[in-house]
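2 protein chains.
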Amino acid sequence: MAHTFSHEQRLDRLAEVAVQIGLCPVPGQEVVMNAPIEALPLVRLITEKAYKAGASLVTTLFHDEASRLLRFQCARNESFDRVAEWLYGGMAKALRNGSAWLLITGDDPLLLAGQDPDKVARFNRTTWQAFMAALRPIFSFEINWTILSYATPAWAQAVFPNDAENVAVGKLWDAIFAASRVDTADPIAAWRAHKDALAAHAKFLNEKRFAAVRFRGPGTDLRVGLADDHQWLGVWLAKNGVSFTPNIPTEELATAPHKDRVEGVVRSTKPLCYQGTLIERISMRFAGGRIVEANAEKGADLLREILETDEGARHLGEVALVPESSPIAKSELLFYNTLYDENAASHVAIGQAYSPCIANGTALSPAELDAKGANHSLLHIDWMIGSPNVDVDGISADGTTTPLMRAGEWV
Amino acid sequence: MAHTFSHEQRLDRLAEVAVQIGLCPVPGQEVVMNAPIEALPLVRLITEKAYKAGASLVTTLFHDEASRLLRFQCARNESFDRVAEWLYGGMAKALRNGSAWLLITGDDPLLLAGQDPDKVARFNRTTWQAFMAALRPIFSFEINWTILSYATPAWAQAVFPNDAENVAVGKLWDAIFAASRVDTADPIAAWRAHKDALAAHAKFLNEKRFAAVRFRGPGTDLRVGLADDHQWLGVWLAKNGVSFTPNIPTEELATAPHKDRVEGVVRSTKPLCYQGTLIERISMRFAGGRIVEANAEKGADLLREILETDEGARHLGEVALVPESSPIAKSELLFYNTLYDENAASHVAIGQAYSPCIANGTALSPAELDAKGANHSLLHIDWMIGSPNVDVDGISADGTTTPLMRAGEWV
Chain A
1 MAHTFSHEQR
11 LDRLAEVAVQ
21 IGLCPVPGQE
31 VVMNAPIEAL
41 PLVRLITEKA
51 YKAGASLVTT
61 LFHDEASRLL
71 RFQCARNESF
81 DRVAEWLYGG
91 MAKALRNGSA
101 WLLITGDDPL
111 LLAGQDPDKV
121 ARFNRTTWQA
131 FMAALRPIFS
141 FEINWTILSY
151 ATPAWAQAVF
161 PNDAENVAVG
171 KLWDAIFAAS
181 RVDTADPIAA
191 WRAHKDALAA
201 HAKFLNEKRF
211 AAVRFRGPGT
221 DLRVGLADDH
231 QWLGVWLAKN
241 GVSFTPNIPT
251 EELATAPHKD
261 RVEGVVRSTK
271 PLCYQGTLIE
281 RISMRFAGGR
291 IVEANAEKGA
301 DLLREILETD
311 EGARHLGEVA
321 LVPESSPIAK
331 SELLFYNTLY
341 DENAASHVAI
351 GQAYSPCIAN
361 GTALSPAELD
371 AKGANHSLLH
381 IDWMIGSPNV
391 DVDGISADGT
401 TTPLMRAGEW
411 V
Chain B
412 MAHTFSHEQR
422 LDRLAEVAVQ
432 IGLCPVPGQE
442 VVMNAPIEAL
452 PLVRLITEKA
462 YKAGASLVTT
472 LFHDEASRLL
482 RFQCARNESF
492 DRVAEWLYGG
502 MAKALRNGSA
512 WLLITGDDPL
522 LLAGQDPDKV
532 ARFNRTTWQA
542 FMAALRPIFS
552 FEINWTILSY
562 ATPAWAQAVF
572 PNDAENVAVG
582 KLWDAIFAAS
592 RVDTADPIAA
602 WRAHKDALAA
612 HAKFLNEKRF
622 AAVRFRGPGT
632 DLRVGLADDH
642 QWLGVWLAKN
652 GVSFTPNIPT
662 EELATAPHKD
672 RVEGVVRSTK
682 PLCYQGTLIE
692 RISMRFAGGR
702 IVEANAEKGA
712 DLLREILETD
722 EGARHLGEVA
732 LVPESSPIAK
742 SELLFYNTLY
752 DENAASHVAI
762 GQAYSPCIAN
772 GTALSPAELD
782 AKGANHSLLH
792 IDWMIGSPNV
802 DVDGISADGT
812 TTPLMRAGEW
822 V
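Just so you know, the protein sequences line up as chains A and B, in that order. Just so you know, the numbering used here puts 124 at position 124 of the first sequence, and the rest follows in order with no gaps. Just so you know, the numbering used here puts 615 at position 204 of the second sequence, and the rest follows in order with no gaps.
Calculated directly from the structure, the hints in this document are not laboratory data. Just so you know, nobody snuck in bad clues.
Below, computed lysine-lysine pairings styled on PhoX-like, alpha-carbon distance capped at 20 Å:
1) B:K504 with A:K93
2) A:K239 with A:K93
3) A:K330 with A:K171
4) A:K119 with B:K463
5) B:K530 with A:K52
6) B:K783 with B:K650
7) B:K582 with B:K741
8) A:K372 with A:K239
9) A:K298 with A:K119
Using the sequences plus the hints, can you model the full thing?
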């Protein structure tokens, strides 16, 4: 596949999109970045552009998956109950003080596949709970933040297992650059047009004031009641007044379910990769908003572990609609990476609801948000339930049904 | 130069020395590592060996000099008064809670050479003061810690400016591996023998109970009074009971000067590389222990800035004797790296005194240490005053003079 732009130019454009469209740091704002060590070239470009945009200080916390694996291979059993509280606590402090936050993902979806499940479970419990706790200002949209991905060799090999490493990495970059609109003549202009289209679509859904959306397909008949005063969002505004884009790429229109008004059964349509472990073919039953049955053909133990996090982990915090015509869905690839897979299919998330999905939500107290049905939890985990075989209807308060998606496409 | 061992084997042996001789983590102890991102291969080996030695958790904070330079090139002026307090505060918390600490150095000694001196000064003041403050448990020897180096390309090119990068890196690794005794048949045994020799030499000096040491050479006639109950140390014991080796390599015998009993003039014999800036041909005059005149032919502004840190920055906190026959000195290289240059020449340090250099010092309060003449400061910066042209005498309380070093060599 020939390109107008070199890899270096495309990476530079991706960094520009990450800063100008994604993060949008304001002059004088600090930036905290989390990145896999392989993403160093992108980290440097983002660092440069964030400083040029006026960031006062850019600090990157690199993580090394090989070192993480060495822990599983060499550390004593007690290690897996330990977590660097001092580091997550420091990060939490930075975010509470108003730092913008940027995450680069690119994890090996199979990193921990062969490791002791008990150690993996304890590692997840301690490490990811500490990480999620540090991210509270993100979940409550206090500050501007964004997530994008870097094509690491391990991730690329999981997506393209039959290709040589360099071929796989090249293909994954092609998919990332295309989905992130950096191959267009003017990526920033392309993104502005895309955000306008998402905003117009959200406006349409908001004017309908649906009481619920219903998903129907193989193994799925789920009615997701929506929170009172819910808002469908395609563009996002943080409490600090900054308009930003939480995901690069993004194709979703998302809102907050009512935590107590979800009924029926649902089956996942893509695997969920959670911190180096795959959870596949999830099936769940909801009653009164609560997950009363949960299973998975692979990774069921980890799924049950996740649901034990807190009561909010057993309720939905997000429902999002993504058409099959989205550039990522059209690639027909399975990315084993939530950022990509969730922007290729309609999805729900267990856990924390995002306050901007309630009208005036960032100004409301936790109790006020709770009264409107917005869910509260330490975690927020998206998983995919849309496919060309799943239909979606909007259901009004009077019971009127409006077809929204047929065969995975907007009606 | 042919070697018995491959680069990978030598790096593995260096990691083994760093963990078994340098850091000596105890089972269940956390480890915090600071490293340049280029040192990743060594970081992974040390991580593996630290876990095998029983470390509960190994966390590495990587720093990227290219990102640091981008800050100088792109950030707004106000950036240089900012520091990631949240990160240094987190690190300080880990060390206060008993983590072992390992630092890998390999900085480009010329990184900030072309940058605005005002920004460099403000950067040093904020960043390095925050770093030094986090290192208080190190300076007071609460915990076991060690420093070693990694041959980064930028550092290697500074040491071997006339060689191609790969040749320079190879030569620097040869020097590092030789000085770190990893080319011997059994590096751990070689280190134990070396530490025994240093301990025996320290015992000799301690039995002499000198009141002062005197350095004489071109531009130097300095009498360094020693602290009451001073101890010369070649091997070190932390307050947590762990015997460790703070520097890999190490050739010095060090003790604490009396902060108020240093008199005369002194000239540096090697450049001091301080965080990307060189300070060359330092000359100082001491009266009553205090630096009353200070100059440098290059980097004088930064030197004056350093001396303004606090009152303790104007007094000595360490004096150390290193023979010209040390393997590092014999290499006749100028490393622009304190770890290497200070182990190739006798030196002094301005700033904080190390409490183990006072008998029973780690058990004494700051006030008790002060009463014995041990200096106190936020910083500790070594600089070299020894050379083949500098003689050293021990001076007893009764005025008797004992020649210690002639032409840079032990008498």
